[in-house]
Amino acid sequence: MSDVVVVESPAKAKTINRYLGGGYTVLASFGHVRDLPPKDGSVRPDEDFAMDWESDARGDKQVGAIAKALKGAKILYLATDPDREGEAISWHVRSMLEDKHALKGVKVRRITFNEITRNAIQQAMAHPRDLDQPLIEAYMARRALDYLVGFTLSPVLWRKLPGSRSAGRVQSVALRLICDREAEIEVFRPREYWTIEALFLTPAGAPFTARLTHLDGKRLDQFDLNNQALALAAKAAVEAGQFTVGSVERRRVKRNPPPPFTTSTLQQEASRKLGFGAQQTMRLAQALYEGVDIGGETTGLITYMRTDGVQMAREAIHSIRDHVKGSFGANYLPAAPREYTSKAKNAQEAHEAIRPTDVSRTPDSLARHLTPEQRRLYELIWKRAVASQMQSAEIDQVAVDVTDGKGIKLRATGSIIAFDGFLKLYREDTDDKAEGAPDDDDNRMLPPMSERDPLKRQKVDASQHFTQPPPRYSEASLVKKLEELGIGRPSTYASILSVLQDRAYVKLEKRRFVPEDRGRLVTAFLVSFFEHYVDTGFTAGLEEKLDEISAGALNWRAVMRAFWEEFSKAVEQTRDLKISDVINALDADLGPHFFPPREDGTDPRVCAACGTGRLGLKLGRYGSFIGCSNYPACQYTRRLAIDAGSDDQAETLKDGMRSLGVHPDTGEEITVRRGPYGLYVQQGEAGEDKKVRPKRTSLPRGMDGEQLTLEQALKLLALPRVVGLHPETKDPIEVGIGRFGPYVKMGAVFGSLDRDDDVLALGLNRAVDLLAKKLASVRTIGPHPDNKDLVTVRKGRFGPYVQHGKMVATLPRGVAMEDISLDEAVKLLAEKGKALKPRGAGARKGKAAASKAAPEAAEKAPRKAPAKKAAGKAPAKPAAKKATAAKKAPAKAASAKVPRRAAE
Numbered sequence: 001m002s003d004v005v006v007v008e009s010p011a012k013a014k015t016i017n018r019y020l021g022g023g024y025t026v027l028a029s030f031g032h033v034r035d036l037p038p039k040d041g042s043v044r045p046d047e048d049f050a051m052d053w054e055s056d057a058r059g060d061k062q063v064g065a066i067a068k069a070l071k072g073a074k075i076l077y078l079a080t081d082p083d084r085e086g087e088a089i090s091w092h093v094r095s096m097l098e099d100k101h102a103l104k105g106v107k108v109r110r111i112t113f114n115e116i117t118r119n120a121i122q123q124a125m126a127h128p129r130d131l132d133q134p135l136i137e138a139y140m141a142r143r144a145l146d147y148l149v150g151f152t153l154s155p156v157l158w159r160k161l162p163g164s165r166s167a168g169r170v171q172s173v174a175l176r177l178i179c180d181r182e183a184e185i186e187v188f189r190p191r192e193y194w195t196i197e198a199l200f201l202t203p204a205g206a207p208f209t210a211r212l213t214h215l216d217g218k219r220l221d222q223f224d225l226n227n228q229a230l231a232l233a234a235k236a237a238v239e240a241g242q243f244t245v246g247s248v249e250r251r252r253v254k255r256n257p258p259p260p261f262t263t264s265t266l267q268q269e270a271s272r273k274l275g276f277g278a279q280q281t282m283r284l285a286q287a288l289y290e291g292v293d294i295g296g297e298t299t300g301l302i303t304y305m306r307t308d309g310v311q312m313a314r315e316a317i318h319s320i321r322d323h324v325k326g327s328f329g330a331n332y333l334p335a336a337p338r339e340y341t342s343k344a345k346n347a348q349e350a351h352e353a354i355r356p357t358d359v360s361r362t363p364d365s366l367a368r369h370l371t372p373e374q375r376r377l378y379e380l381i382w383k384r385a386v387a388s389q390m391q392s393a394e395i396d397q398v399a400v401d402v403t404d405g406k407g408i409k410l411r412a413t414g415s416i417i418a419f420d421g422f423l424k425l426y427r428e429d430t431d432d433k434a435e436g437a438p439d440d441d442d443n444r445m446l447p448p449m450s451e452r453d454p455l456k457r458q459k460v461d462a463s464q465h466f467t468q469p470p471p472r473y474s475e476a477s478l479v480k481k482l483e484e485l486g487i488g489r490p491s492t493y494a495s496i497l498s499v500l501q502d503r504a505y506v507k508l509e510k511r512r513f514v515p516e517d518r519g520r521l522v523t524a525f526l527v528s529f530f531e532h533y534v535d536t537g538f539t540a541g542l543e544e545k546l547d548e549i550s551a552g553a554l555n556w557r558a559v560m561r562a563f564w565e566e567f568s569k570a571v572e573q574t575r576d577l578k579i580s581d582v583i584n585a586l587d588a589d590l591g592p593h594f595f596p597p598r599e600d601g602t603d604p605r606v607c608a609a610c611g612t613g614r615l616g617l618k619l620g621r622y623g624s625f626i627g628c629s630n631y632p633a634c635q636y637t638r639r640l641a642i643d644a645g646s647d648d649q650a651e652t653l654k655d656g657m658r659s660l661g662v663h664p665d666t667g668e669e670i671t672v673r674r675g676p677y678g679l680y681v682q683q684g685e686a687g688e689d690k691k692v693r694p695k696r697t698s699l700p701r702g703m704d705g706e707q708l709t710l711e712q713a714l715k716l717l718a719l720p721r722v723v724g725l726h727p728e729t730k731d732p733i734e735v736g737i738g739r740f741g742p743y744v745k746m747g748a749v750f751g752s753l754d755r756d757d758d759v760l761a762l763g764l765n766r767a768v769d770l771l772a773k774k775l776a777s778v779r780t781i782g783p784h785p786d787n788k789d790l791v792t793v794r795k796g797r798f799g800p801y802v803q804h805g806k807m808v809a810t811l812p813r814g815v816a817m818e819d820i821s822l823d824e825a826v827k828l829l830a831e832k833g834k835a836l837k838p839r840g841a842g843a844r845k846g847k848a849a850a851s852k853a854a855p856e857a858a859e860k861a862p863r864k865a866p867a868k869k870a871a872g873k874a875p876a877k878p879a880a881k882k883a884t885a886a887k888k889a890p891a892k893a894a895s896a897k898v899p900r901r902a903a904e
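Residue numbers (full-length UniProt numbering): 1 to 904.
Please note that a few of the clues may not be correct.
Here are the simulated lysine to any residue pairs, SDA-like style, with alpha carbons at most 20 Å apart [to be verified]:
#, residue 1, residue 2
1, LYS832, LYS773
2, LYS424, PRO469
3, LYS773, GLY64
4, LYS459, PRO469
5, LYS235, ARG255
6, LYS160, PHE529
7, LYS74, GLU98
8, LYS104, TYR24
9, LYS695, PRO720
10, LYS773, VAL723
11, LYS578, TRP158
12, LYS61, PHE529
13, LYS481, PRO258
14, LYS100, ASP35
15, LYS104, GLY72
16, LYS795, LEU760
17, LYS68, PRO732
18, LYS510, PRO469
19, LYS730, GLY741
20, LYS235, ASP221
21, LYS383, ALA393
22, LYS774, TYR743
23, LYS100, ASP52
24, LYS459, PHE208
25, LYS71, ARG109
26, LYS773, ARG797
27, LYS695, PRO664
28, LYS480, VAL514
29, LYS730, GLY814
Quick caveat, the hints were computed from the structure, so don't treat them as lab data.
Assemble the whole structure, with the sequences as input and the hints as a guide.
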């Protein structure tokens, strides 16, 4: 029998199986096979943090398949991802196999590889190791911490702050950073300042501009000219002077290339340069890591994308240096390879940076094998890695002082790239540039001039400016801040940002995070009553302890005991906390936000309805609102911004419709419209025959109707589309948009797309991953003998059942999904099959038709003769009750037998 190798994804399993050959069976775990159940008691501090683990149907199925493959095998290779999560998945797989007694006589070995290439896989197989117990313990500590904070703090929020969703150990700190920045912006008061610039001509007649730096022999600070009168006086002084060149300073500086990407720097640069969100970046990087089809072979294009190390393998550096020398010339190659060390707090330097697996695979050579988004991200990774081993850029900087000899001095600066070096290939963007800062002035030249050259003054300008508030966090700058503080790990940043948006705590406006009122309230509550646990220093300190656990320097249970002792006391102190105390604390903290000062100086808290009451924050059963202190005499209330319904994208569409252009084939007009259920695109108009409707497709969540282009609309109208064939079953996989949003479909199996999945750009690997969980709960038995439609057995809410078309029948008690045959399923459907009840619009339509038909049938039915008096009224009542009970019985039985969500 062959040995068994376990990886995380099916796409990876197929590639590795081809590299290893027939002596191995490669299976996928599909990520984590078990987790802590989302209920109280999964982590028990009183039992020294004992933890219960629970697997779902998919996890059981995958581990069952691994156990079956291990029969007769000698070695089990656990080849999950090379990080803490990957180590944990391997540990879970081993533990579940031990519980099944499937490892008797089987040696368990752990292997890791940083890239999915033939050499890397073979090298890993030649150097196996044992599971890293300290790394596993660090994972358990992290899971226990996150669980205890979430399941202990969230109920406090629900009781004391109605309308809030949840709290998290790292999530709440990230939210606090966003809210604190918003508070800084709200209290910011702009300050006025002026600058004076003059245009001069050299003796040769060449123009240049200089800025006033000294007046009356004194150096000017930023706010010395803080009004128009002072600025105009300074301008007049410059206009009255005669100027010469005072000094000319020249120097050459070197600019070194940035290091290759880590997870966080990749997310930052992809956000700044490409406009990709963190989750979209990681999903694209995962596909590039797992590989794409090139010449009939799946090839991994980049190294592992969850890393905080900046160093590269020695052979990769030499390969890149050879490419630089061959493509750019020897003068672009530094004398020695560049060595980088991470500046990030808590960086795990054993991890390699993100780089191409083969530098000879240039972005242009791979363009036809990649989606446009994949190509752009690969190009970014490839250029950054290559540039990191290129020569420094050399820049000549010139500074000229212009003086009148009487205390007035102006300065002009310029620079020119003397040697472009790595800038020939790659320039790093900055957050300042994202805020609208001026373009890079490396090539702003000054004309030739020498000391004491007379200058001819031209116009003089006085310009008014105001200081700007600190910018809101973008995805890039928030990730950078979290990394600088040492909060979270590379694999967590994308999920943190996603959770904050899913909970409606923050929203993205112009690619910047703006806290919602709900997020402000949650942060104010946590800062008021749990400040220690949303403090950046405390959270960073916990991360350091987790890293010490992974290094074997700390005992994880000791860390947990110290944390829980203090945390449980803080929670206990809120047990007797009154709602009025919460209101007062939040009202004081968020008063400037909800009641900003008025320009006329009047009190912003005076009730507009009664004129005497004081407006303040109130907490109701369903959340927070603004109310009057004179309640109930004055019942004035005002909803918070979060309740206004931020999901209504279409409010800016004039008259509910916007034309995008015409269809290139049919000439029909393509429009985006607002309907009762949201935005949709439509092709053409309804004709005279009302039964023939124009083609329509809903807009996916997050797609802006105001920014929608004709090209995007045509792609939406072309849905569903086939993305490829399933690598195992060879069945076609489709993606489209249905009543419940974007979906992926194979045969009768549907899977929903995640929030950040792009239905227009979804690739085959991602589609296979989305279907994996559904496929684990659906088994195709075969074609029905009557009409050849497929018969399936599915896992439903109330147990497994068989389905053929719209007929379903639950399996007898004790019969497993894997055991039933086609003949047995056909017989079961014939004997106990029931039709699926229509859902949604179909169900409503059916009910409406039934209610309409009822009175009509009553009118047509012959009237019965009146009952004789001798019958009496008494017998009629029991008879009516009996009839009612008999009428309800079949429905009750049906609900017990037919799965409620059988269609899933």
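- prompt: Of the hints given before, which are not true for this structure?
  reply: Hints 1, 2, 4, 5, 12, 16, 17, 19, 29 are the ones this structure does not satisfy, whereas the remaining hints hold.
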